[in-house]
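One-letter residues, chain by chain:
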Amino acid sequence: MNSNTAMTSERWHIAIGGLVQGVGFRPFVYRLAKTCNLSGWVLNDSHGVQIEVQGDRQQLRNFLHKLRKDKPPLARISSLTTESRPPCPETNFRILNSDGDTPPSATILPDLAPCPDCLREMFAPDNRRFRYPFTSCTQCGPRFSIAERLPYDRANTTMRDFPLCESCRIEYEDPQNRRFHAEPNACPTCGPQLQLCDANGRGVAVREDALKQARQAIEAGQIVALKSIGGFQLLVDASNSDAVLRLRARKRRPLKPFALLYPDVESVEQDCSVSDLEKGLLEAQERPIVLLAARGQARRHVAAAVAPDNPNLGVMLPSSPLHHLLIAGLQRPLVATSGNLSGEPICYDNGGAIERLGAIADLFLLHDRSIARPLDDSVVREMDGSPVVLRRARGYAPLPVELPVLPDTFSAGDLLAVGADLKNTAAISRGRAVYVTQHIGDLQNRVAREVFEQAVDDLAGFYRSEPAAVIADLHPAYVSSRWARQRDPQYLGAQHHVAHFFSCMAEHGYRGRALGICWDGTGWGADGIVRGGEFLCWDGREQVQRIAGLRTFPLPGGEGAIREPRRQAAGLLYAVMGERAFAGKFLLEQFSAGERHNLARMFERKINSPLCSSAGRLFDGVAALLGLANAVTFEGQAAMAVEFAAQQSATTRSYPFAINQHDSCRTLDWEPLVAALLQDGEQGVSVPDRARAFHNTLAQMMCAMAVRAGEENIFLSGGVFQNRVLTESAATLLRQEGFRVHCHCVVPPNDGGIALGQIYYARCMAAARTPAEEGSRQCV
Amino acid sequence: LGHGSGGELTQRLLRDYIYPHFDNPWIAQGHDSATLPLTNEQLVFSTDSFVITPLFFPGGDIGELAIYGTVNDLAMSGARPRYLSCSLILEEGLSMQTLARVMSSMGKAAAASGVQLVTGDTKVVEKGKGDGLYINTAGIGSVEHGLSIGAHSILPGDLILISGDIGRHGMAVMAKRESLEFEGPLLSDCAPLHEPILALLDAEISVHCLRDLTRGGLATALVELAETGSQQFYVREDDIAICEPVLGACEMLGLDPLYVANEGRFVAFVPAQQAERALAVLAQFSVTANSRVIGAVADGRTPQVILQNSLGCERLLDRLAGEQLPRIC
Ligand SMILES: [Fe+3]
Ligand SMILES: [Mg+2]
Ligand SMILES: [Zn+2]
Ligand SMILES: [Zn+2]
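Protein chains in written order, with the working numbering: chain A, 67 to 846; chain B, 75 to 403.
Looking at chain B on its own, in the form it has when it is part of the complex (with noise of 0.2 Å):
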C-alpha cells in the first residue's frame, strides 16, 4: 500500500476491497453522506475506535473487534444496531492481503449483526505513524422498548448476571503479542451481543443495566456502576467463571482475571424474581449459554463492590490504578 492521495488510489482501494464486503443501497450511493430511513424512533449513537496489536489473534481480528465493539455498545442501550459508519486509518506499507482479510471479516461481522455499513473513509498516513491499521466505527442503534437501562435503574435486590466465563479477550491478545505459550486453547470472546439482549427485552424481563466488559475487565465495570448509580454490589467468587487456560495465563504473568478485557460479555441487572426467567432466555443463545448469578444489590449505603470468597472473606473492589502494583510489604 502506498500513500494516498484522494484520487486513483483510493478509489480503487474503495471498489475492490471495501465495498464488495458491503453491499446495500446506502453505501453503493457513493455520497459522502448517508440518508436513513429512521422515523419516530428513539435513536443511540455511539463510536468507538479500535486500536490493537496484533491485528488477528486466536479467535477474532480488528475488523471483528471494530463492529461488535460498537454492536456491543449499542446494545448495552437495549437498542437494535442498525447503521454503522467505519474510518480506516491505514499505515504506509499495510499489505493489501491484510487489509483484505480485516474488510473480509468485517463484512462477515457487519452480517452476523444485522447493521448496515453505510458511510465511511479512508485515510493514509506515513510509515511509522500508525499500527498498520486503525479502525474507527460508530453506530446508530433504534429503541424499540419503554425501559431506562443505565446504572440510575440499578435497585437494591438486584441480581446481577453475567453472560459467560471472564478474561480470554485480553490473555488471548497478550499471548498472541507477547508469544506467551500456555496449556490448552486461549481465544478471543469476542462476539455480538445484541441478539440475547433483544431477547430478554422481548421477553419483557425489566432489565435495570447492562454493562459490556471491555477494558478493565468485570471488575472496573461493576466498580463503575456501582459508583454511578450509588449501590452497593455483593458478587461470589465462586461464581464467575473463568476457563482453565486463562487462569494459567493469569497466573504465570500476575495477573487478575477480573481486572483482564472481555470482548464478548456482559453483566445485567435485573430483578431477582425475574433472574431465573432471565437465565432461561440467555441459555438459548450459543454466545450467553453459559450466563449465570454472580451477585446481587445489598441495601449498604457505600457505593462499593464487595467480592466474597467461598470461605466469606470480603474484598472490597477497587479501579487499578495504572499496572497492577504490588502492596504486599
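Isolated chain A, as found in the complex (with noise of 0.2 Å):
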C-alpha cells in the first residue's frame, strides 16, 4: 500500500444520471480512469452511474471533461454532480456489482440495429461468431425487447436462460473488450440458436440450415414468419406479385400498404429518392421504417401489390443480425410486415405466433431467446425537414420525454396516462421524465388490452411507480377511460384536442401562450358534436379555450359511415343544401334510389347521424367528391388518396372560405371551398390540382385564423398532420405570416402523443395552481 498516493491526493465522487446503462458506460469510465491514473471505483445504480475517483487534482479535471466529451455515442447523460470526499488508502481501479435494492430510475436503452464492429465479425469466417445471428455488444443489440426488471443486468433479461460459455464469459469480464457487461452477449456455443418450423410448428430444420431454407422458400414465393426483435414479421419476396397478392388474401389486407426489407441504403436509391435527413433515418441504430417517395424504376423489384396506388414505399434496412444474414443471401427487397392478425399487436411468443398466424405464414423462423414484450416496427417520415415519428415503437420505446421545469414537478406524485383508444399508449410520468409506452393498437382488441396492461406494469414496475393520479380521454365509451374509471373512480378527464395540442408543446419544452391546431379524425367534445377541427388558445397558465373549429356536418351512420367516404360527401353537401342535395348529380351517382331514400330519413330524423366537426372526415368526403374513394378498407386511405393527387399538382390556386363568429368562438365555414371544388370539376379542371387547391386552402384557412388568433407560437397536432403535404403548406404559409411552427417529431402527431399530452396538460394545471410562477418561456 503506498500512503503517498493518499496523501497528496483528491478523492471525487460522481453521480450520473440519464441513458448510461448497457452503453458501455462503464468500461469506458473504467478506460478513462486508467488513461488518468486515477484510482477508485465505478458502479451502475438505479439512479444511473456512480463513480469515485481518487489522484491527482488537474487528472481528476482532465477526467471530468472526458467524462462529457468522450463518452459512448449511445449514452445521454442528463445530470451530473460532483462532490469531494475523503480520501482513502486505495491503488487501483475497480468496477463494482450493481447493487439492486434501491428504486431504479435510470432508462432502459431502446433496441439498436447491430454495429459495425458486430456487423464484420459476423462476416469474417475466422471468427468465432461467423454467420452468427445473435451477436451483439454494448453498442447494439436488442435492450428494451428483452428487459423484464431493472437495474439493467443479464440476470433481469430474457437471457437469463443462456449462461455465458467461457469465452462469452470473459468478454463480459473484461473491461477493456466491447462487450464489457453486455447484457445479451452470447455466441454459438451458449447463445440462442435458430429454427425453422412448418405452418404447424414442426420442426424442419435448425441454425444455418434453418436460415439456408427459409431463404429459399422466400426465393420460391413463400410467405416466411421471422422473428424480429419485437415480435413477428411476415417476410414475402417483393417482386414476385403472386407471393404478395397471397399474403394479401391470407391476412384478408386489401390494399394497405406493405413495408420493404432493403439489403442497404444503395439498393433503397435504386427504387426511391432519398434525401440527406432519410438516409439518416434509414441507416439510424433505431431502424425505423421510412416512409419515401417510390421511383418508377421501383416497379423492377416491388410488386405493384405492395402499395396499391401509393407513391410511397415504407422502407428499412436491416434492424437484427437476422436480417443482414438473410437478407445478405438473397439481395432483394422483401415485404416485411407485422406478423399480427389485423388489428391485433404483433405476436412475439413462438407459440402465440404458430398458433395466429398459422393460417398466414408457411414456414416459421424461430428462435429461443424470449421477447419480453411485443415492439412493432417503428415508422418515420420526413415532414418540413424534420423527421416525424408516425409509430413509436421499436428503437425509440421506452426512452423518456423529458417535460419542461414545473413547479409541481417534484412535490407531486407520479401520473399515469391512458392515453386514446386506437394507436394506444400509455404514459407514467416521474419528476420531469414521461415514458411512453410502445404502440400498443386498438384497445377493444383482446390481446392489444392485455398488452396495454403489462406495458402499464412494466412501466411501475420498472421505475417503481406507484401513480398518484390516473388521466383519461373524455370519451365515455372509450375502452382506456372505463379502465381509468376502475383503476381509480377519481381520474381525471382531458379532453382529446386538448391532450393533441400539449403533447406537442411537451415535446418541444415549451410552456407559455400558444395556439394549438388539433386536427383529426374525431374526438369526444362535451356537446356530444364530433371534433376534430379544432383551434385551442392556452393562457400559459389555468385555461384552455377553443378559439375556432370547423363548421360542423352530419355523419350519416356514425362509426359505420367512416368506411364510406361517400357519406361523409353526403352529410356535406346535405349540411350545405338540405333536401335539395339529393337533387344533385353526386348523390344521384353515388347511392341507390333506397339508399337516397333512407339517407334523408337519416339526416331528417337525425338517426345515427351525430355532427361533426372534424377535418379527417372532411377530407373523407372531398376525397369522395374527387371521386378518389368510394369505398376504403383501411384507416387514413381516403385522405392519403386526396394527399397523393395534390402531390401531382404544383397549383397555387386556393378556394374561397368564410370565417363566421357567434360569442366567442368562431366558425370555418368549408362551404364556399366544396362549391369551388365542385364547379371546377364541371368545368374539367383535373383531380390533382383540385386537391392541391384543396390543401392549399385549408392552410389559408389555419393561418387566418391563427392572425386573428395573434399567438406567434403555433403547435400543429392530430392525425391530419401526418399529411405531408398539408403540414409543409400549413407550416410556410404560417411562417410567412411570422409564426413560430411546432410539428411533432419524437412522439406521433395521430393518437399515438395522446398519453404524452395528458400528463403535460395535468402537470401544467396542476402547476398552474401553484401560486407565484412566472410561466417561462422556452423552446427548442
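Check each hint, because a few of them may be wrong.
[As the list claims (entries may be wrong)] Chain B residues, not near chain A, derived (Cβ > 10 Å throughout): (1) 169; (2) 252; (3) 276; (4) 315; (5) 364.
[To be verified] Taking lysine-lysine pairs in the BS3-like style, the calculated list, with each CA pair at most 25 Å apart, reads: (6) A/100 / A/135; (7) A/132 / A/100; (8) B/250 / A/672; (9) A/137 / A/100; (10) B/203 / B/250; (11) B/203 / A/672.
[To be verified] Derived DEER-like restraints, expressed as beta-carbon distance ranges: (12) A/320 / B/216: 54 to 62 Å; (13) A/331 / B/298: 53 to 61 Å; (14) B/289 / A/320: 30 to 38 Å.
Calculated from the structure, these hints are not laboratory results. Glycine included, every Cβ here is placed at the ideal spot set by N, Cα and C.
Starting from the two chains in their separate frames, assemble the complex, guided by the hints.
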C-alpha cells in the first residue's frame, strides 16, 4: 500500500443520471480512469452511474472533461454532480457489482441495430461469431425487448436462460472489451439458436440450415414468419406479385401498403428518392420504417400489389443480425409486414405466433431467445425538414420525453395517462421524465388490452412507480377511459384535442401562451359533437379555450360512415343544401334510390347521424367528391388518396372560405370551398389541381385563424398532420406571416401522442394552481 | 276516447273492449284484486312496462309485446307463466279502433302463452301526455324444477346457446317508426319463449342460466352475465345468425346488430355434454328451430366477453355508452 498517494491526492464522487446503462459506460469510465492514472470505482445503480475517483487534481479535472466529451455514442447524460470525499488508501480502479435494492430510475435503452464492429465479426469467416444471428455488444443489440426488470443486468433479461460460455464470460468480465457487461452477449456455443418450423410448429431445420431453407422458401415465393427483435414479421419476395397477393389474401388486407426490407441504402436509392435526412433515418440504429417517394424504376423490384395506388414505399434496413444474414443471401427487397392478425399487436412468442399466424405463413423462422414484450416496427416520415415519428415502438420506446421544469414537478406524485383507444400508448411520468409505452393498438382488441395492461405494469415496475393520479380521455365509450375509471374513480379527464395540443408542446419543452391547431378524425366534445377541426388557445396558465373550429356536418351512420367516404360527402352536401342535395349529381350517382330514401330519413330524423367538425372527415368527404375513394379498407386511405393527388400538382390556386363569428367562438366555413371544388370539376379542372387547391385552402384557413388569434407560437397536432403536403404548406404559410410553427417529431401527431399530452396537461394545470410562478417561455 | 272519469265510461271500456279478450273466472269477478289458487309452490314474480312507437310494427304490436315481455321474463327463471296483471295508460284521443286491435292481440297472445290475465287497471291521461298507449304487465309464474338458474350458476366449460337469429325486433320497429325502406321482409321476432324452455327442463337439461336478449341486444346481455357471474365468455362471430334484411339495415344505419333489441330470442348456458340434446329439444319448436351454439365459458379470470371473428381476431365487447359513438380518430 502506497500511503503517499493517499496523502497528495483528492477524491471525487460523481453521480451521473441519464442513459448510461447498457451502453458501455462503465468500461469507458474504467479505461478513462486508467488513462488518467486514477484509482476508485464505478457502479451502476438505479439512478444511473456512480463513480469515485482519486488522484491528482489536474488528472481529476481532465477525467471529468473527457467523461462528458468522449462518452460512448449511445450514452446521454441528463445530470452530473460531483462532491468531494476524503481520500482513502487504494491503488486500483474497479468495476463494482450493481446494487439492486434502491428504487431504479435509470432508463432502459431501446433496441438497436447491429453496430459496424459486430457486423464485421459476423461476416468474417475466421471469427467465432461468423454468421451467428445473435451477435451483439454494448454498442448494439436488443435491450427493451429483453428487459424484464431494472437494473439492466443479464439476470433481469430473457438472456438469463443462456449461461455464458468461457469465451463469452471473459469478454463479459473484461473492462477493456467491447462486450464488457453486454447483457445479451452470446456466441454459437452458449447463445440462442435458430430453428425453422412448418405451419404446424413441427421442426424442419436448425441453425445455418434453418436460415438457408428460409431463404430458399422466400425465393420460391413462400411466406416466412420471422422472429425479429420485437416480434414476428411476415416476409415475402417483394418482386413476386403472386406471393404478395397471396399474403394479402391470407392476411385479409386488400390494399393497405406493406413495408419493405432492403439490404442496404444503395439498393433503396435505386427504387426511391432518398434525402440526406431520410438516409440518416434509414441508417440510424433505431432502424425505423421510413416513408419514401418511390421512383419509377421501383416497379422492377417491387410488385404493384405491395403499395397499390401509393406513390410512397415504407422502407427499412436490417434491424437485427438475423435480417442481415437473411437478406445478404437474397439481395432483393422483401415485404416485411407485422406478424399479427388484423388489428392485433404483433405476435411475439413462438407458440402464439404459430397459433395465430399458422394460416398465413408457410414457414416460421424461430429462435429460443424470448421477447419480453411486443414492439412493432416504428414508422418515420420526413416532413417540413424534420423527421416525424408516425408509429413509435422498436428503436424508440421506452426513451423518456423530458418535460420543462414546472413548480409541481417534484412535489406531485407520479402520473399515469392511458391515452386514446386507437393507436393507443400509455405513459407514466416521474419528475420531469415521461415514459411513453410503445405503440399498442386498438384497445377493443383483447390481445391489445392485455399488452396495454402489461405495458402499464412494466413501466410502473421498472420505475417502481405508484401513480398518484390517472388521466384519461373524456370519451365515455373509450375502453381506456373505462379502464381508468375502474382503477381510479377519481381519474382526471383530458379533452382529446387539448391532449393533442399539449403533446406537441411537451415534446418541444414549451410552456407559455400558444395556439394549438388540432385536426384529426374524431375527438369527444362535451357537447356531443364529434370534434376534429379545433383551434385552441392556452394562456400559459389555467385556461385552455376553444377559439374556433370547422363548420359541422352530419355523419350518416356514425362510425360506420367512416368506412364509406361517400357518406361524409353526402353529409357535407346535406349540411349546405338540405333536401336539395338529393337532386344533385353526386348523390344521384353515388347512392341507389333506396339508399337515398334512407339517407334522407337519417338526416331528417337524426338517426345515428352525429354532427362532426372533423378535418379528417372533411378530407374523406372531399376524397369522395373528387372521385378518389368510394369505400375504404383501412384507416386514412381516403385522406391519403387526396394527399397523393395533391402531390401531382403544383398549383398555387386556392378556394374561398368564410369565417363566421358567434359568441366567443369562430367557425371556419368550408361551404364556399366545396362549392368551388365542385364547380371546378364541372369545368374540367384536373383532380390533382383540385386536390392541391383544397390543401392550399386548408392552409390558408389555418393562417387566417392564426392571424386572428395573434399567438406567436403555433403547435400543429392531430392525425391530419401526418399529411406531408398539408403540414408543409401550412407551416410555410404560417412562417411567412411571422409565426413560430412547431410540428411533432418525437411522438406521433396521431393518437399515439395523446398519453404524453394528457400528462403534460395535468402537470401544467397543477402548476398553474401553484402561485407565484412566472410562466417560462422556452422552446428548443 | 275521452278523458276518463272512472264512472260509466271506464265501465263501458272494460266491458266492451277488455273483458271479451280475457275470459277467465278471476277477471270475471271484477274485484279490485284476484285471489289465486297457488299453494306449496315456488313462485316468480316480474313486471315490465311497454312504451313503444309505433304501436303496430311488422311482426307484432304493443299488446303482444306486453304479454310476451313479461311471459319471457318469467320463462328466463325457468318458470311456467301463470297469471298476469295489466295496467293501461291511455292518451286522450286514442282511437277506440286502435285500442280494440291492441286488446285483441293481447288476448290472443295471452292465450298462446297459456297465461290468465287476472287483474288490471285503466287510466286515461290528457292529450299530449302519452304516446297513445302505455301498458304495464306484471306476472306470476310457478317453478317446477329444482335448479338455480342465473348468472351465478354459470360454470367454465358451459356452452352458450342462442335461440335464433338476432336484431329483427329493433330493426323492424326502427324501420317502421322512421319510414326506412330495406330490401327483404323485416319482421319483429316477438314471441313467447316459455314452451321451449319448459321443454328443456322437462328433458332434464341442467340449464345454468337463461337470458332474453331484449334492450341492448346480445352483446349487452352477455356482458351483464359475464360481469354478474364473474366469468369469461368466448363467442364466435360467424356462428351468430343475422338475416339479410337486418344486416342491410344495420349497415345502412351504421348500427351494430349485436346491440340491437330482440323480443323472441334468448341465450342458454348449459353443460357442454348436454348441449346437443338441448339443441335437439329446441329444434322441435318453431320459435327456437334455428338454435345453435355460439360460444363457451372459458377459464379466464377476467370477467369479459370475447368475440372471435373468422380470422381469430378477438374483440372485447362492452356495454354501450349512450349511442354508438365513433372512436376512430
Ligand atoms: Fe386524435
Ligand atoms: Mg323485461
Ligand atoms: Zn455491436
Ligand atoms: Zn459463448
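Against the structure, the hints:
{"no.": "1", "hint": "169", "verdict": "holds (25 Å)"}
{"no.": "2", "hint": "252", "verdict": "violated (5 Å)"}
{"no.": "3", "hint": "276", "verdict": "holds (38 Å)"}
{"no.": "4", "hint": "315", "verdict": "holds (21 Å)"}
{"no.": "5", "hint": "364", "verdict": "holds (26 Å)"}
{"no.": "6", "hint": "A/100 / A/135", "verdict": "holds (17 Å)"}
{"no.": "7", "hint": "A/132 / A/100", "verdict": "holds (13 Å)"}
{"no.": "8", "hint": "B/250 / A/672", "verdict": "holds (15 Å)"}
{"no.": "9", "hint": "A/137 / A/100", "verdict": "holds (15 Å)"}
{"no.": "10", "hint": "B/203 / B/250", "verdict": "holds (22 Å)"}
{"no.": "11", "hint": "B/203 / A/672", "verdict": "holds (23 Å)"}
{"no.": "12", "hint": "A/320 / B/216: 54 to 62 Å", "verdict": "holds (57 Å)"}
{"no.": "13", "hint": "A/331 / B/298: 53 to 61 Å", "verdict": "holds (57 Å)"}
{"no.": "14", "hint": "B/289 / A/320: 30 to 38 Å", "verdict": "holds (36 Å)"}
The structure fails hint 2 only (numbered hints given earlier).
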